[in-house]
Amino acid sequence: MRDTLAKLQGKPSVRRAAVAAAVAVVIVFPFVTSRYWVDVAFYLGLYTLLGLSLNVILGEVGLFNLGHAAFWAFGAYTTAILNTRFDIPVLVLLPVSALATAGFAWLVTSPIIHLRGDYLCIVTIALGEIVRLTLNNDPGGITGGPNGIFGIDRPRIGPLVINTPTEFYFLVWVIVILCAWALLRLQNSRIGRAWNYIREDELAAEAMGVDVRSLKLLAFILGAGLAGVAGNLYAAKMMVVSPESFVFLESTIIFMIVLIGGMGSVPGTFLGALVVSLFPELFRPLAQYRMLIFGAALVAVMYFRPAGIWPRRRATFRSLRKETGKA
Amino acid sequence: MITFIQQFLNGLTIGSFYAFIALGYSLVYAIMKLINFAHGDLFALGSYVAYSFLVWSAAALASVLGLWGALVVAMVVAAISVAIAGLVMERVAYRPIYPAGRLPAVVSALGVSIFIENFIMLVWGPRYQAYRSSFVPVGYFQIGELRISVLQVVILISAVILLGFLYWLIERTTFGAAVRATAQDRETAALMGIDFRKVIRFVFTVGPALGAIAGVMVGLYYRQISFSMGWVYGLKAFVATILGGIGNIPGAMVGGILLGILEAMFAGYVSAAWKDVIVFLVLMLILIFRPRGLLGEKVAEKV
Numbered sequence: 001m002r003d004t005l006a007k008l009q010g011k012p013s014v015r016r017a018a019v020a021a022a023v024a025v026v027i028v029f030p031f032v033t034s035r036y037w038v039d040v041a042f043y044l045g046l047y048t049l050l051g052l053s054l055n056v057i058l059g060e061v062g063l064f065n066l067g068h069a070a071f072w073a074f075g076a077y078t079t080a081i082l083n084t085r086f087d088i089p090v091l092v093l094l095p096v097s098a099l100a101t102a103g104f105a106w107l108v109t110s111p112i113i114h115l116r117g118d119y120l121c122i123v124t125i126a127l128g129e130i131v132r133l134t135l136n137n138d139p140g141g142i143t144g145g146p147n148g149i150f151g152i153d154r155p156r157i158g159p160l161v162i163n164t165p166t167e168f169y170f171l172v173w174v175i176v177i178l179c180a181w182a183l184l185r186l187q188n189s190r191i192g193r194a195w196n197y198i199r200e201d202e203l204a205a206e207a208m209g210v211d212v213r214s215l216k217l218l219a220f221i222l223g224a225g226l227a228g229v230a231g232n233l234y235a236a237k238m239m240v241v242s243p244e245s246f247v248f249l250e251s252t253i254i255f256m257i258v259l260i261g262g263m264g265s266v267p268g269t270f271l272g273a274l275v276v277s278l279f280p281e282l283f284r285p286l287a288q289y290r291m292l293i294f295g296a297a298l299v300a301v302m303y304f305r306p307a308g309i310w311p312r313r314r315a316t317f318r319s320l321r322k323e324t325g326k327a
Numbered sequence: 328m329i330t331f332i333q334q335f336l337n338g339l340t341i342g343s344f345y346a347f348i349a350l351g352y353s354l355v356y357a358i359m360k361l362i363n364f365a366h367g368d369l370f371a372l373g374s375y376v377a378y379s380f381l382v383w384s385a386a387a388l389a390s391v392l393g394l395w396g397a398l399v400v401a402m403v404v405a406a407i408s409v410a411i412a413g414l415v416m417e418r419v420a421y422r423p424i425y426p427a428g429r430l431p432a433v434v435s436a437l438g439v440s441i442f443i444e445n446f447i448m449l450v451w452g453p454r455y456q457a458y459r460s461s462f463v464p465v466g467y468f469q470i471g472e473l474r475i476s477v478l479q480v481v482i483l484i485s486a487v488i489l490l491g492f493l494y495w496l497i498e499r500t501t502f503g504a505a506v507r508a509t510a511q512d513r514e515t516a517a518l519m520g521i522d523f524r525k526v527i528r529f530v531f532t533v534g535p536a537l538g539a540i541a542g543v544m545v546g547l548y549y550r551q552i553s554f555s556m557g558w559v560y561g562l563k564a565f566v567a568t569i570l571g572g573i574g575n576i577p578g579a580m581v582g583g584i585l586l587g588i589l590e591a592m593f594a595g596y597v598s599a600a601w602k603d604v605i606v607f608l609v610l611m612l613i614l615i616f617r618p619r620g621l622l623g624e625k626v627a628e629k630v
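Residue numbers (my numbering), protein chains in the order written: chain X, 1 to 327; chain S, 328 to 630.
Please keep in mind that the hints were generated in silico from the structure rather than gathered at the bench. Be aware that a few hints might be false.
Said to hold, decoys possible - Derived contacts from chain X toward chain S, CB cut-off under 10 Å, selection only:
1) 108
2) 112
3) 117
4) 125
5) 126
6) 252
7) 293
8) 294
9) 297
10) 300
11) 306
What the hints assert, rightly or not - Covered by chain X, according to a simulated footprint, are these stretches of chain S (three or more residues, beta-carbon under 8 Å):
12) 422-430
13) 436-443
14) 552-565
15) 598-612
Note that beta-carbon positions come from the ideal geometry of N, C-alpha and C, so glycine has one too.
Bound-form chain X, shown alone (with noise of 0.2 Å):
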């Protein structure tokens, strides 16, 4: 049965025909239920962009970065600030969130980025509650302390206004259908399998010629740039950004879904911000449980899966054969 289904998997009019299917679903989703779980799958795919582009930092280089909620708080920001203060558009502000915060990844990770594994962790926890600190003594009163900004506009394109949970909906599904396929492609690029070589074995990566300081900030800086796009998003669609929305738990939830999904596996990403997004939704009726739950859930997954729900397939010989159809 799993031969078969690796077979499947393998084949790609298979693979063709499932993200066609997958595809039309998402186009479909809105117009057959209720405002309710369009708004859920706005969120659905607001984490799956934030566990895409943390999974290009932790799941391709193995770096551990439990501090992602500040890259995503700097892109809200950076969007809230620049709107209200400049009436600067939203859409317009989508890539220059993503530039900033970037461009912020590369200033913070520069001095940090040779350590390794636990140490890095905890480094990037404390750059996480430093971000979320300052915005909350608000500087030069420029971040609104506490309460935070409101009054963010809604994006437009020409004419068209999106404000309407569908097409918040459409929106974000675009652009994380947009990312998905280029970080796939991304996988087999030289960068890719030079990422993939680091979190395996940094030191022979090194020693085969291997760059590894600047693969590994050139990782930082395009997770942190698609965390600022989800930034972007996110304070489109509250109109109102506060520091109690980027604490640790979210890190740690962003995290979570890299680990859950699978690391370095794309479709396991979508899978692992389903699991997250529905966890709350399933629980509803157990509310005040459901953190509990949540808690002992992820012991109860990395003691039977500890590779992930959907790890990511190892590239073999014989795989790279059939896939290039040389026999």
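Fit chain S to the given chain X structure using the hints.
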């Protein structure tokens, strides 16, 4: 000058809380190479257990043993219960997952942390709980303008005694040598006849117990405890661990005290709102310039 001494003493007190918690992190990290994210929450659990115990029995106990006696009993009760919780946690959430690698263990630790935090919230409620004034000693010494509470003095003295005892245990006894040997090289230590299980049981008993004692002290000192306080204290104690050199027992003590003093001085002279930011900036600076900590020796990475 008075402010300086006052802040210094406050810093020492907070620092000894960090030192207690940091020891738990450091011991577990030394043996398991795992950041025990749930440790801060065990500390909070200790605070709550002692709180409930005191609410339930403080009046009866105090009439027999006096207030101090009742507090000691409460600390012992909290330490034992949290040590049991620590052992159960190791058995359920770490031992089965540990062989799968580092990342699953980290996720499991985060899971346990979320679990304990929410457990506390469900049992004791999401609001602050206050240690009642009837079980907090109120006396103080007045030296000129300087006012030092009896509680502060007792906390500092017991910190010195407990930390001194632990230092002796780890650095001077045969069992301590076994713990240090395991920390350095688990396999070779096992070949030398050291019972690895015993060492693990030790670190998961002593670490949580010390954390629980710190929890009770924090409750008495600030009188206010919340279910989420484990996170902040835990994180800062971890910074203290790194400050002193991760896996280094005297280092954790020194790191805790230094961090407490730094924090109190910064809060007293510069800004209270930014004190946590400074703590985390110090962490980053330490890791950039002295990644092995202040007391840590340089260790070459094994290939």
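Here is what the structure says about each hint:
Because the closest C-beta pair between residue 108/X and chain S is about 9 Å apart, less than 10 Å, the hint holds. Contact between residue 112/X and chain S, as hinted, is supported at the beta carbon level, the nearest pair being about 7 Å apart and thus within 10 Å. Given hint, residue 117/X at the interface with chain S, holds; its Cβ is 7 Å from that chain's nearest Cβ, closer than 10 Å. Nearest Cβ of chain S to the Cβ of residue 125/X: about 7 Å, under the 10 Å cut. The hint holds.
At its closest, the beta carbon of residue 126/X sits 4 Å from a beta carbon of chain S; the interface hint therefore holds under the 10 Å criterion. Interface hint status for residue 252/X: upheld, as the beta-carbon distance to the closest one in chain S is roughly 6 Å, under 10 Å. The interface hint given for residue 293/X holds, since its Cβ lies 9 Å from the closest Cβ of chain S, which is under the 10 Å cut-off. Because the smallest distance between the Cβ of residue 294/X and any Cβ of chain S comes to about 6 Å, under 10 Å, the interface hint for this residue holds.
For residue 297/X, the interface hint holds, the least distance from its beta-carbon to any beta-carbon of chain S being 7 Å, beneath 10 Å. Interface restraint check: residue 300/X against chain S, minimum CB-CB distance 8 Å, threshold 10 Å, status holds. A least Cβ separation of about 3 Å between residue 306/X and chain S falls short of the 10 Å threshold, and the interface hint therefore holds. Counting residues of the stretch 422-430 of chain S whose beta carbon lies closer than 8 Å to any beta carbon of chain X gives 6, which reaches the threshold of three, so the coverage claim holds.
Under the rule that three or more residues need a Cβ within less than 8 Å of chain X, the assignment of the stretch 436-443 of chain S holds, with 7 such residues. Only when three residues or more bring their CB closer than 8 Å to a CB of chain X does the claim for the stretch 552-565 of chain S stand; here the count is 3, and the claim holds. As drawn, the stretch 598-612 of chain S meets chain X at 8 residues by the rule of a beta-carbon pair under 8 Å; at three or more, the given contact holds.
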